[in-house]
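J.: Sequence:
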Amino acid sequence: MSDYLVIVESPAKAKTIGKYLGSKYTVKASMGHVRDLPKSQLGVDVEHGFEPKYITIRGKGDVIKALREASKKAKKVYLAADPDREGEAIAWHLQHLLDLNPDDDCRVVFHEITKDAVKQAFQHPRKINRDLVNAQQTRRILDRLVGYKLSPLLWRKVKKGLSAGRVQSVALRLVVDREHEIRSFQPEEYWTVDAHGQVHGKKLVARFYGYHEEKTPLPNEAAVRELLARVEGHSLVVRRVKKSERKRNPAAPFTTSSLQQEAARKLGFRAYKTMQIAQQLYEGLDVPGEGTVGLITYMRTDSTRIAQSAQEEARAYIRRSFGEDYVPDRPRQYAKNEDAQDAHEAIRPTSVMRHPDQLKEHVSRDQYRLYKLIWERFVASQMESAVLDTTSVDFEANGAWFRATGSVVRFPGFMALYTEGRDDDGEEEEGKLLPPLEEGDVVQVKSWKPEQHFTQPPPRYSESSLVKAMEELGIGRPSTYAPTIDILLKRGYVVLEQKRFVPTELGEIVVNILKDHFPQLIDVSFTADMENRLDKVEEGDANWIQLLDQFYHDFEKDLKKAESALGHVELKDEVSDVRCEKCGRLMVYKTGKYGKFLACPGFPECRNTKPILKEIPVPCPKCGKPLVERRGKSRKVFYGCSGYPECDYVLWQRPTGQTCPICGHPMIEKGGKGKTVVVCSNEKAHSALETQAQAK
Numbered sequence: 001m002s003d004y005l006v007i008v009e010s011p012a013k014a015k016t017i018g019k020y021l022g023s024k025y026t027v028k029a030s031m032g033h034v035r036d037l038p039k040s041q042l043g044v045d046v047e048h049g050f051e052p053k054y055i056t057i058r059g060k061g062d063v064i065k066a067l068r069e070a071s072k073k074a075k076k077v078y079l080a081a082d083p084d085r086e087g088e089a090i091a092w093h094l095q096h097l098l099d100l101n102p103d104d105d106c107r108v109v110f111h112e113i114t115k116d117a118v119k120q121a122f123q124h125p126r127k128i129n130r131d132l133v134n135a136q137q138t139r140r141i142l143d144r145l146v147g148y149k150l151s152p153l154l155w156r157k158v159k160k161g162l163s164a165g166r167v168q169s170v171a172l173r174l175v176v177d178r179e180h181e182i183r184s185f186q187p188e189e190y191w192t193v194d195a196h197g198q199v200h201g202k203k204l205v206a207r208f209y210g211y212h213e214e215k216t217p218l219p220n221e222a223a224v225r226e227l228l229a230r231v232e233g234h235s236l237v238v239r240r241v242k243k244s245e246r247k248r249n250p251a252a253p254f255t256t257s258s259l260q261q262e263a264a265r266k267l268g269f270r271a272y273k274t275m276q277i278a279q280q281l282y283e284g285l286d287v288p289g290e291g292t293v294g295l296i297t298y299m300r301t302d303s304t305r306i307a308q309s310a311q312e313e314a315r316a317y318i319r320r321s322f323g324e325d326y327v328p329d330r331p332r333q334y335a336k337n338e339d340a341q342d343a344h345e346a347i348r349p350t351s352v353m354r355h356p357d358q359l360k361e362h363v364s365r366d367q368y369r370l371y372k373l374i375w376e377r378f379v380a381s382q383m384e385s386a387v388l389d390t391t392s393v394d395f396e397a398n399g400a401w402f403r404a405t406g407s408v409v410r411f412p413g414f415m416a417l418y419t420e421g422r423d424d425d426g427e428e429e430e431g432k433l434l435p436p437l438e439e440g441d442v443v444q445v446k447s448w449k450p451e452q453h454f455t456q457p458p459p460r461y462s463e464s465s466l467v468k469a470m471e472e473l474g475i476g477r478p479s480t481y482a483p484t485i486d487i488l489l490k491r492g493y494v495v496l497e498q499k500r501f502v503p504t505e506l507g508e509i510v511v512n513i514l515k516d517h518f519p520q521l522i523d524v525s526f527t528a529d530m531e532n533r534l535d536k537v538e539e540g541d542a543n544w545i546q547l548l549d550q551f552y553h554d555f556e557k558d559l560k561k562a563e564s565a566l567g568h569v570e571l572k573d574e575v576s577d578v579r580c581e582k583c584g585r586l587m588v589y590k591t592g593k594y595g596k597f598l599a600c601p602g603f604p605e606c607r608n609t610k611p612i613l614k615e616i617p618v619p620c621p622k623c624g625k626p627l628v629e630r631r632g633k634s635r636k637v638f639y640g641c642s643g644y645p646e647c648d649y650v651l652w653q654r655p656t657g658q659t660c661p662i663c664g665h666p667m668i669e670k671g672g673k674g675k676t677v678v679v680c681s682n683e684k685a686h687s688a689l690e691t692q693a694q695a696k
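Going by this note's numbering, 74 is the number at position 74 of the sequence shown; the sequence numbering is gapless.
FYI, nobody ran anything at the bench for these hints, they're computed from the structure. It is possible that some hints are incorrect.
[Unchecked claim] Quick list of in silico lysine-lysine cross-link-like pairs, DSS-like style, CA-CA up to 30 Å:
id : residue 1 : residue 2
1  : Lys-53    : Lys-15
2  : Lys-561   : Lys-490
3  : Lys-24    : Lys-39
4  : Lys-499   : Lys-515
5  : Lys-590   : Lys-625
6  : Lys-73    : Lys-39
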């Protein structure tokens with residue numbers, strides 16, 4: 001039997017660590033948490049210091065038995081759960097269940113699963129940090145009090161199966177409030193006028209700026225007519241040429257929040273999926289020639305700090321791969337968010353020398369894509385700034401001023417490897433090169449092009465922008481963003497439409513109830529302040545029992561008032577014009593896990609349901625019936641024949657509404673953002689025809 005027992009959360013992590021420690025160590029997995037509050041009751045004694053009643057999690061009996069037997073045979077037990085409050089709590093619960101000495105230095109913490117990091121961590125074990133444990137316990141009790149006291153009220157007053165939560169309710173409020181902004185938005189008209197001309201044999205476009213150098217809006221058509229009457233027949237004369245050098249700095253290495261945002265923008269990953277794959281990369285994957293190895297540092301962090309050794313390794317790689325010009329004079333340091341918990345580094349590869357392309361054939365597609373994103377972001381964060389030459393030219397035509405701007409990349413710097421994605425498209429000047437111009441040059445105008453616009457409402461939240469808003473407002477912590485968003489979807493409070501969150505009627509009703517009866521609970525600033533107070537508990541600067549007592553005192557009052565004041569809320573179903581083919585009733589719209597669908601109001605006698613199909617004006621090439629937009633179990637949109645199941649024709653790309661002039665199949669949009677091309681969906685047949693033609 002081995003001398004030492006090491007307990008981690010997962011078998012993957014156990015496998016990776018076991019390889020580094022040698023035969024004297026046995027590494028076993030607890031399979032996550034081993035104790036928790038009971039599901040069948042509140043499990044918190046609010047009358048006696050909020051004492052939690054922990055029980056063994058169902059199904060963990062055999063795991064605990066095996067760990068107890070192994071611990072009795074070992075000279076010493078090390079608890080090496082993840083380096084955060086959840087990991088500290090797991091270690092504390094294991095210490096209790098295995099009857100280990102609470103004063104023993106049994107806690108081992110490492111932020112990356114590499115040979116050096118693991119071996120060094122075992123040279124410096126410490127006692128379990130009770131402040132960290134108290135912070136986790138306080139959050140757990142707070143969430144239990146809100147969930148188990150407030151959710152039953154919603155069941156009685158609205159409908160069964162609903163839930164409210166300390167963080168989830170505020171996140172839902174953000175989505176609902178944004179929807180109200182969109183509905184109440186009053187679009188305002190405005191116009192732009194572009195001058196299209198030619199100078200030195202090159203085309204040029206300049207936009208109206210104002211009169212006599214002062215910015216002047218064009219609010220309506222009358223203002224446009226006045227401008228056109230003034231400039232008609234005049235040329236544009238160059239009055240000012242301003243050239244400048246602009247530096248663009250790389251983005252900081254990933255935190256949990258920025259990783260979730262960028263993976264949503266660039267890879268289309270949901271936050272939950274991003275964290276799942278990041279966990280796999282952290283715990284370890286099989287790498288040829290190395291065995292099982294952790295590929296990234298710990299993925300729950302809000303710090304942008306980087307270890308000096310990692311910076312030096314990155315700089316050496318950049319120097320060798322890109323050249324000396326791409327290496328800054330000093331290693332880059334990134335400003336720390338004042339609310340950030342700086343215990344962990346930023347998310348980075350455990351070794352820059354482990355290039356993504358080396359791993360591509362040995363990991364899954366999604367693991368490769370996320371690792372590549374993390375690797376490129378980190379390396380780029382240590383590269384030299386990009387240098388752009390920007391030019392701004394002001395023109396004048398009879399007192400009306402026009403402006404043209406452009407910039408070109410003189411030195412790409414970090415942009416040679418990576419540029420950060422954006423949530424919403426904006427005008428991009430990069431790559432737009434203006435003709436060489438000097439003061440006094442005259443541009444002959446070919447046409448004046450006015451265009452009417454209307455101001456747009458704020459966009460609905462995407463997963464990326466919702467995570468960003470939660471982080472900026474201090475709602476929750478990095479580890480809570482993904483599960484919070486996931487539960488809003490599961491409860492049917494929001495649906496995803498074109499990758500944007502839309503609140504359902506149910507979601508709006510819940511928010512309105514909470515605003516009326518629990519204003520503090522759903523207040524953004526109160527929730528952010530509570531996060532800060534919980535952080536104080538973690539730092540040992542606040543008493544967790546006092547914090548719970550202050551919260552519960554007001555919360556209990558609100559509960560009693562709401563119970564008596566809140567009447568039953570009736571959820572009326574929206575009636576459609578589609579008749580149920582089984583019983584003849586008009587079907588109603590319902591919202592489920594995958595969005596809206598049609599259901600018979602005769603439930604439970606009649607259980608008929610139908611998807612809501614959006615018809616595409618394109619005939620099925622197999623049977624001639626129209627194609628419809630459908631959504632699969634994975635929520636991926638596809639386009640199939642309305643004659644299904646008799647006809648099983650399917651397209652995975654969006655039809656354009658046109659048919660191929662050669663074969664009659666639907667034309668489809670193919671490609672990514674900014675690179676979309678229109679091709680025939682019967683592409684293989686066309687390739688075969690081309691091959692035959694070339695052979696002849």
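J.: If a hint holds in the structure, say so; if it does not, say that too.
T.: Results for each hint:
1. Lys-53 <-> Lys-15: violated, 33 Å
2. Lys-561 <-> Lys-490: Holds, because 29 Å separates the two Cα atoms, which is no more than 30 Å.
3. Lys-24 <-> Lys-39: Violated: Lys-24 and Lys-39 sit about 39 Å apart, past 30 Å.
4. Lys-499 <-> Lys-515: holds, 27 Å
5. Lys-590 <-> Lys-625: holds, 27 Å
6. Lys-73 <-> Lys-39: violated, 34 Å
Violated hints, listed in ascending order, are 1, 3 and 6; each of the other numbered hints is respected by the structure.
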